[in-house]
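With the hints as constraints, model all of the structure from the sequences given.
Now for the letters of each chain:
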Amino acid sequence: MIKRLTQWIDDRLGASSFAKQALNKVFPDHWSFLLGELALYCFLILVLTGVFLSFFFDPSVSESVYRGEYEPLNGVHVSNAYKSVLDLSFEVRAGLVMRQMHHWAALIFIAAMFVHMLRIFFTGAFRRPREINWLIGLTLLILGLLNGFSGYSLPDDLLSGTGLRIAYSVVLSIPVIGTWMAFLVFGGEFPAEQIIERLFVVHIFIVPVAIAGLMTAHLAIVWRQKHTQFPGPGRTEGNVVGEKLWPTYMTKSMALFFGVSAVVAILGGLVQINPVWLYGPFRAEQIPSPAQPDWYLGWLEGALRLFPPWEIRAFGFELPNPFYPAILLPGITFNLLYLWPFLEAKLTGDREPHHLLERARDHPVRTALGIAGLAFYLVLFAAASNDLLSKWLKIPVESITNAYRVLLLVFPPVAGLITYRLMDALRRTGAEGLMHLPLSALTRRTQE
Amino acid sequence: MENQGERSIRWIATAFGVSIVASLGLAVVYLLGGQPQAEGALLGAALGGISVGLVLWAKHLMPGGPEVQEREIRPEVAEAQAEVEETLQAGAEPIERRTFLAKMLGAAFAAFGIALLFPIRSLGGAPGRALFRTAWRPGSRVVRADGSPVRPEELAVDGILTVFPETHTEAADSQTLLIHLPEDVQPPGPPGWVPEGFVAFSKICTHAGCPVGLYEAESKKLFCPCHQSVFDVVDGAKPTEGPATRPLPQLPLSIDDSGFLVAQGDFEEPVGPGFWNRGRDD
Ligand code: FES
Numbered sequence: 001m002i003k004r005l006t007q008w009i010d011d012r013l014g015a016s017s018f019a020k021q022a023l024n025k026v027f028p029d030h031w032s033f034l035l036g037e038l039a040l041y042c043f044l045i046l047v048l049t050g051v052f053l054s055f056f057f058d059p060s061v062s063e064s065v066y067r068g069e070y071e072p073l074n075g076v077h078v079s080n081a082y083k084s085v086l087d088l089s090f091e092v093r094a095g096l097v098m099r100q101m102h103h104w105a106a107l108i109f110i111a112a113m114f115v116h117m118l119r120i121f122f123t124g125a126f127r128r129p130r131e132i133n134w135l136i137g138l139t140l141l142i143l144g145l146l147n148g149f150s151g152y153s154l155p156d157d158l159l160s161g162t163g164l165r166i167a168y169s170v171v172l173s174i175p176v177i178g179t180w181m182a183f184l185v186f187g188g189e190f191p192a193e194q195i196i197e198r199l200f201v202v203h204i205f206i207v208p209v210a211i212a213g214l215m216t217a218h219l220a221i222v223w224r225q226k227h228t229q230f231p232g233p234g235r236t237e238g239n240v241v242g243e244k245l246w247p248t249y250m251t252k253s254m255a256l257f258f259g260v261s262a263v264v265a266i267l268g269g270l271v272q273i274n275p276v277w278l279y280g281p282f283r284a285e286q287i288p289s290p291a292q293p294d295w296y297l298g299w300l301e302g303a304l305r306l307f308p309p310w311e312i313r314a315f316g317f318e319l320p321n322p323f324y325p326a327i328l329l330p331g332i333t334f335n336l337l338y339l340w341p342f343l344e345a346k347l348t349g350d351r352e353p354h355h356l357l358e359r360a361r362d363h364p365v366r367t368a369l370g371i372a373g374l375a376f377y378l379v380l381f382a383a384a385s386n387d388l389l390s391k392w393l394k395i396p397v398e399s400i401t402n403a404y405r406v407l408l409l410v411f412p413p414v415a416g417l418i419t420y421r422l423m424d425a426l427r428r429t430g431a432e433g434l435m436h437l438p439l440s441a442l443t444r445r446t447q448e
Numbered sequence: 449m450e451n452q453g454e455r456s457i458r459w460i461a462t463a464f465g466v467s468i469v470a471s472l473g474l475a476v477v478y479l480l481g482g483q484p485q486a487e488g489a490l491l492g493a494a495l496g497g498i499s500v501g502l503v504l505w506a507k508h509l510m511p512g513g514p515e516v517q518e519r520e521i522r523p524e525v526a527e528a529q530a531e532v533e534e535t536l537q538a539g540a541e542p543i544e545r546r547t548f549l550a551k552m553l554g555a556a557f558a559a560f561g562i563a564l565l566f567p568i569r570s571l572g573g574a575p576g577r578a579l580f581r582t583a584w585r586p587g588s589r590v591v592r593a594d595g596s597p598v599r600p601e602e603l604a605v606d607g608i609l610t611v612f613p614e615t616h617t618e619a620a621d622s623q624t625l626l627i628h629l630p631e632d633v634q635p636p637g638p639p640g641w642v643p644e645g646f647v648a649f650s651k652i653c654t655h656a657g658c659p660v661g662l663y664e665a666e667s668k669k670l671f672c673p674c675h676q677s678v679f680d681v682v683d684g685a686k687p688t689e690g691p692a693t694r695p696l697p698q699l700p701l702s703i704d705d706s707g708f709l710v711a712q713g714d715f716e717e718p719v720g721p722g723f724w725n726r727g728r729d730d
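Residue numbers (the numbering used here), protein chains in the order written: chain X, 1 to 448; chain V, 449 to 730.
These are calculated hints, taken from the structure and not from any lab test.
Computed from a prediction, not measured in an experiment: that's the story for all the values here.
Using N, Cα and C, we set each Cβ at its ideal position, and we do this for glycine too.
Do not take every clue at face value.
One-sided excerpt, in silico: chain V residues whose CB lies under 8 Å from chain X [to be verified]:
no.	residue
1	Gly-482
2	Trp-505
3	Ala-506
4	Gly-512
Spelled out as structure tokens, the structure:
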């Protein structure tokens, strides 16, 4: 059977030598190398569940009176988009599980890409010759955020409508072209009729196709360059030590796919997410409170909350307040990330190709900067729920906001400095891990 | 050794078995009408069984390595690069010689690029003055979201109501908060805008446009739940906390001959979040 198939294919494609090479390809083994694969499999789950959802979703905002399974909303005016999500959740068999799986998979997809990026950053895997894949990977992360937000906005519920409302205001805040851009993107002054239909096309066609294309390129480049590996006995810049694709690595990879799918299925069945029927349909003059976006936009939400009431005005022109936290901050963030491999090469003067990874301690400055950056975004992320915290602690929200503002300025440099000291001590003592670090190493500076 | 292998086989077979049973269970649940929790759990078990079986299989019964493979550090040699350069150069030569044509081609592309922008224009109307106006006109009756007009006696002291201009309850930019202030409060805004303690402010937050949903009658403050801006109604809805930089615009009110609340005109400045030319009146 295998013999006949190989012959048949080789006769037509002459692919045998490639196939042989491919099957024998060696992949290094480390749990952190699975993060990218995890993202890939989440994307696959998203496509599979998403196709199912798209058969039932109706992106139109024309209104009708809801009559259906969900009693509390009977008789309420809702858009067709919102109604179709309720029907999908309550009347289509297996519909709710599919919808919730889709949402959970999206959250994990972005988390996996993010942690994958951190792994690449802290191990220096972006260094020559892998700069192109760093750029592609970062673009994939941005596309993931975009598709997460566009999908989240589709059900036309009160919570996501609020998100769209803020997004519109943020676009509006862009100097000179902002008003035009907001009108072109949304089809007119908020809430224009067209936005849900447009987001639908963006969400199920434009961005997924871009993601699929870039992922293919990303993988092809990994294939071509061969995966990096951690240093260790027998591992050099000139070899790859690991498992062959066929059968071991492939089997493990398949196991990962089924494993992720299992987790997503269990979450989708047992852990409720985005219950849009509780939020109610979108009404321009209503607002849910408290309101938090999906986790991956938490840092932007937090930035909007922490940024002080400042803006620039002159001669009747202005640079409105949301511009700084919601346009400038992500602009700087992603530009810095895009440029990082090149900045680092410039600053360290290291332009050699690298295939062996670094440990965090090998490059204390990079590690410290990374941790400081992470601390910054972590504070922003936490600040996105300042209202919830204020409720729990019964402290006025203003005090909490002020505390976060201080934390935002103090925590990153402190975290960075501590990291630097620790990494430096690890490097000097050669201790295995932080737990093995002798205390004296922390108090003394380098003495070579 | 043999024992170990056999044990693995048993575990792997069990994992696949669990998966089979779960899949069958899934079919049964589906046919019985479906139940989300059961579906999720069974689907999880069906997929998880396969996953566990595969992991054990790969770990215990497949070649584990480590295998070593060579990696060419620089796949392409310098000669090949030079050849590519040469080929490119040779091909470009006849193009470069015709600089005029090349320039014309460039111009044609540029012109076409600009022409391509026009369909984008179809995506939405021009902003024009849309952001500077709302649907409030002199004499517009103040109505609730269901279209019913409001008489002063219908809103108790310290009460609050979301209102629209009559026949424009769909105009999102015209949503307005009507508040009945107690007599002892000095009415905010220009004289004559607050008949009998009825004051109206745009409901759209001047920060990022969320409806300012919460009113605390005791402190006379409005709260925006989006980023926690606070507006002081007595002080002309000036922001006292949070990221908002401007007060909520105030709507001039009066009471018409039939005893209904009406607007004296539109807001005097654009409502809602800022934009670059908000302060330009031309
Ligand atoms: S929209 Fe009101 S505070 Fe941001």
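Worksheet item: Holds or violated: is the Cβ of V/Gly-512 closer than 8 Å to a Cβ in chain X?
Response: Given a least distance of 6 Å, the restraint on V/Gly-512 holds.
Fill in: Hint validity - V/Gly-482 Cβ closer than 8 Å to any chain X Cβ
4 Å, holds
Discussion item. Hint validation: V/Ala-506 versus chain X, beta carbon distance must be below 8 Å. Holds or violated?
Written reply: 4 Å, holds
Discussion item. Can you verify the interface hint for V/Trp-505: is its Cβ closer than 8 Å to any Cβ in chain X?
Written reply: OK, holds: V/Trp-505 within 8 Å of chain X, min 6 Å.
Comparing the model with each earlier hint shows no violations; every hint is respected.
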